[in-house]
Amino acid sequence: MSTALNTKNKIHPQKMYLYAGLGSIVMMFAGLTSAYIVKKSQANWLDFDLPKVFFISTVVILLSSFTMQMAVKKAKEGLQNPYRGFLTVTAILGVVFMVLQVQGFMAIQANNIALTGPRSNSAASFLFVITLLHLLHVLGGVIAIFGVRFKSLSAKNIAENTLPVELLSTYWLFVDILWIYLFVFLQWIG
Amino acid sequence: MSHEAALQNHEGHESHEHDGHHEHHDTFLTKYVFSQDHKMIAKQFLITGMVWAVLGGLMSVLFRLQLGYPDSSFPWLESILGKWAKGGQITPQAYYALVTTHGTVLVFFVLTAGLSGTFANFLIPLQIGARDMASPFMNMLSYWFFFTASIVMMSSLFVETGPFSGGWTAYPPLSALHDASPGSKTGMDLWIISMALFVVSSLLGGLNYIATILNMRTKGMSMTRLPLTIWALFFTAVLGVLSFPVLLSGLILLIFDRNFGTSFYLSDIYVNGVGALSNEGGSAILFQHLFWFLGHPEVYIILLPAMGMVSEIISVNSRKPIFGYMAMLGSLFSIAILAFLVWAHHMFVTGLNPFLGSVFVLLTLLIAIPSGIKVFNWLTTLWRGNIRFTPGMLFAIGFVSLFISGGLTGIWLGNAALDIYLHDSYFVVAHFHIVMGVASMFGMFAGVYHWFPKMYGRYLNNSLGYLHFWITIAGAYMIFWPMHYQGLAGMPRRYFDFSIWESFKQFADLNRFISTVAMIVFATQILFLINFFYSIFKGRKVTVLNPWESNTLEWTTPIRPGHGNWPGEIPEVHRWPYDYSKDGHDFIPQTTPVGEDESGTH
Chain A
0 MSTALNTKNK
10 IHPQKMYLYA
20 GLGSIVMMFA
30 GLTSAYIVKK
40 SQANWLDFDL
50 PKVFFISTVV
60 ILLSSFTMQM
70 AVKKAKEGLQ
80 NPYRGFLTVT
90 AILGVVFMVL
100 QVQGFMAIQA
110 NNIALTGPRS
120 NSAASFLFVI
130 TLLHLLHVLG
140 GVIAIFGVRF
150 KSLSAKNIAE
160 NTLPVELLST
170 YWLFVDILWI
180 YLFVFLQWIG
Chain B
0 MSHEAALQNH
10 EGHESHEHDG
20 HHEHHDTFLT
30 KYVFSQDHKM
40 IAKQFLITGM
50 VWAVLGGLMS
60 VLFRLQLGYP
70 DSSFPWLESI
80 LGKWAKGGQI
90 TPQAYYALVT
100 THGTVLVFFV
110 LTAGLSGTFA
120 NFLIPLQIGA
130 RDMASPFMNM
140 LSYWFFFTAS
150 IVMMSSLFVE
160 TGPFSGGWTA
170 YPPLSALHDA
180 SPGSKTGMDL
190 WIISMALFVV
200 SSLLGGLNYI
210 ATILNMRTKG
220 MSMTRLPLTI
230 WALFFTAVLG
240 VLSFPVLLSG
250 LILLIFDRNF
260 GTSFYLSDIY
270 VNGVGALSNE
280 GGSAILFQHL
290 FWFLGHPEVY
300 IILLPAMGMV
310 SEIISVNSRK
320 PIFGYMAMLG
330 SLFSIAILAF
340 LVWAHHMFVT
350 GLNPFLGSVF
360 VLLTLLIAIP
370 SGIKVFNWLT
380 TLWRGNIRFT
390 PGMLFAIGFV
400 SLFISGGLTG
410 IWLGNAALDI
420 YLHDSYFVVA
430 HFHIVMGVAS
440 MFGMFAGVYH
450 WFPKMYGRYL
460 NNSLGYLHFW
470 ITIAGAYMIF
480 WPMHYQGLAG
490 MPRRYFDFSI
500 WESFKQFADL
510 NRFISTVAMI
520 VFATQILFLI
530 NFFYSIFKGR
540 KVTVLNPWES
550 NTLEWTTPIR
560 PGHGNWPGEI
570 PEVHRWPYDY
580 SKDGHDFIPQ
590 TTPVGEDESG
600 TH
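Quick note, the sequences are listed as chains A and B, same order.
In terms of numbering that gives the first Met the number 0, the first sequence opens at residue 0 and continues consecutively.
In terms of numbering that gives the first Met the number 0, the second sequence opens at residue 0 and continues consecutively.
Hints should not be assumed to be uniformly reliable.
[What the hints assert, rightly or not] Where chain A lies over chain B, by a calculated footprint (3+ residues, C-beta under 8 Å): (1) 204 to 212; (2) 241 to 248.
[Said to hold, decoys possible] Calculated cross-link-like contacts (lysine-lysine; reagent style DSS-like; alpha-carbon spacing at most 30 Å): (3) B:K42 / A:K14; (4) B:K30 / A:K14; (5) B:K30 / A:K150.
Hints are computed from structural coordinates only; laboratory data are not their basis.
This one's a predicted model, so the numbers in the text were calculated from it and none came from an experiment.
Each residue gets a CB set at the ideal place from its N, CA and C atoms; glycine is no exception.
Produce the complete structure using the sequences and hints provided.
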């Protein structure tokens, strides 16, 4: 009926595990942004502009995806030091991104719009919760970068097993694309 | 262990690099507690689920005691429940806490863990021909997250203000305001933490099931040669992975409303003794949308594994190929798709736009088509079969019976016009207990009786099994059938005491009858547990590899398979799993190559 299957020709099970996991993260944010749309059409919705700092953080996370791809490239070429260097730069850019996001929260509050608490409006609360959850996903990525980087210290030839860094870069690219979706959503759609 | 030694010889060319865990030496801790063997994890899920089933079942006995004997007092209740049963009668607050915890525990901790957790773990590697899951470590974490969730949920029973008492659906404002009820305080905090841990456990497990089924099948095991159990468990995992995160989203917003003063779900609320709240512009209905987007798929997360196992067990014990394999597969697929598109049928009375409601009515009623196909195929598989009435087979047939009876009332409730009358009545209680609760329980029992020889290398006692089956099926109908009439007569759910309502006084005897049967059925389940645990140690030993003369791969492993499942190479698969009574052979295992003059093969 069908040709014999050979497991070795297919994608690695752990990659499949990650892809399915990304699917579940997509559903989580789909749930939140759907709730946002429903809520926006109801009474008491406060319209306000996104702080400018979110534009900068978008550029930073885009840049970090580039450095992450460079890290994968260097790993495949077996170049240890440039590989670790790009990982470190990516992690630093990730931390910068998170700091900028927090700056964004503070900028909103500086405009006298409460994110939480009794004076808060759902519009600002939604932005806060969605962005905060994304930030936590970036934080997870940064921790994973340090984990992979630490493990690479004991590897003789980095090009022999690039699976961990490939998984890492897929995840990192994903949180990047996720942020761009959220940014476009919050800025122009939502 | 000899299996493991043999395993390592084949390590090089047989398995993936991540299978390196075979090299560890088993201690008690790594073999029975922090085990990464999918079979042990399955047993851990099953036994934890059983503990919860006893507790959850006991809760239903306690509140049925109140419903059946509202005027009596039982001093022994006060000695076990203390202030929750002052003077020997359960307090209204305790009643609501019991109902809520019963619902949460049975849906998530018994049926989700007992079916998907147990059988996905046990059967996927064994039936697709893999040594273990894609990530045995994540699999172990999945169990321990579940265990931690269990501990947190259990601890909520012991806090001073009691466990959460606003219903298993946790609708705000009861779930969002600490002052709304005693159970909304610490009990609700623990409920949310427990459910969040449970979601993590489900995701870790579900991702593993998907990756394993898609990527780790043995040679020759194409997707259309998979047993229907595996297909069902696959769709179950997909449903879980795509719907649990949405529940988590809803819970996160709920946490912010509870603890950080936001107004996602809250608006214009006055709490007695506290005063008017400042929350504005929130919508409690929003939570219902997010909850039921998980809540409805959850029903199928529970039901699909039962369907898959029943298909397999009915085919094996009818000695006939499953009727309409591709139709079975297609109907599983369409149920999985429709599961995501019908959530608002739980919300017909929330002021939902009637035009939107009619779309959900249509989509809900569409589920009758794949369900009908499945029932037809089960019955035609049984038709003129050479049936072996093992206890597993009886429970599988019982599942079909319950699925039909409970499914038919679903057609009533799926109609918005009827639902407006029947909503929140005992008719709904009867419907979902039969079709989802008891039917899935039967699927689980069928699976346990059928695969017990593979799990423990011993048989369960048959006589006790038959007794268990007949009392449970008769009891289940005697408990839930009368509830349809009560519901049609307008008797609402969740009420503490019906004896004070003129219109429901006529049901006093009927309620007492239901409560009595419920206690008998509960006692019968203890019989099953005795059988289960006695047979693990003292049951009749399995002496042949393939006691049910079944085609699937799990019966080609040793009687007590070690970690890695097959001592030598993993067998290659040459055919589908349903070649029963073919070309004069009673059964042809999947590992048998196709003969020269064999008639059409899959």
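_Check whether the Cα positions of K30 of chain B and K150 of chain A lie no farther apart than 30 Å._
27 Å, holds
_Coverage criterion applied to the region 204 to 212 of chain B (partner chain A; beta-carbon cut 8 Å; 3 residues)_ = It holds: at least three residues are needed, and the region 204 to 212 of chain B offers 6 whose Cβ sits within less than 8 Å of chain A.
*Check whether three or more residues of the region 241 to 248 of chain B sit with their beta carbon closer than 8 Å to a beta carbon of chain A.*
Our answer is that it holds, as 7 residues pass the Cβ test (under 8 Å) against chain A, meeting three.
*Would you check the hint for K42 of chain B and K14 of chain A, treating anything up to 30 Å between C-alpha atoms as holding?*
27 Å, holds
*Would you check the hint for K30 of chain B and K14 of chain A, treating anything up to 30 Å between C-alpha atoms as holding?*
Between K30 of chain B and K14 of chain A the Cα gap is close to 28 Å, so the pair holds against 30 Å.
Checked against the numbered hints given earlier, the structure satisfies every one of them.
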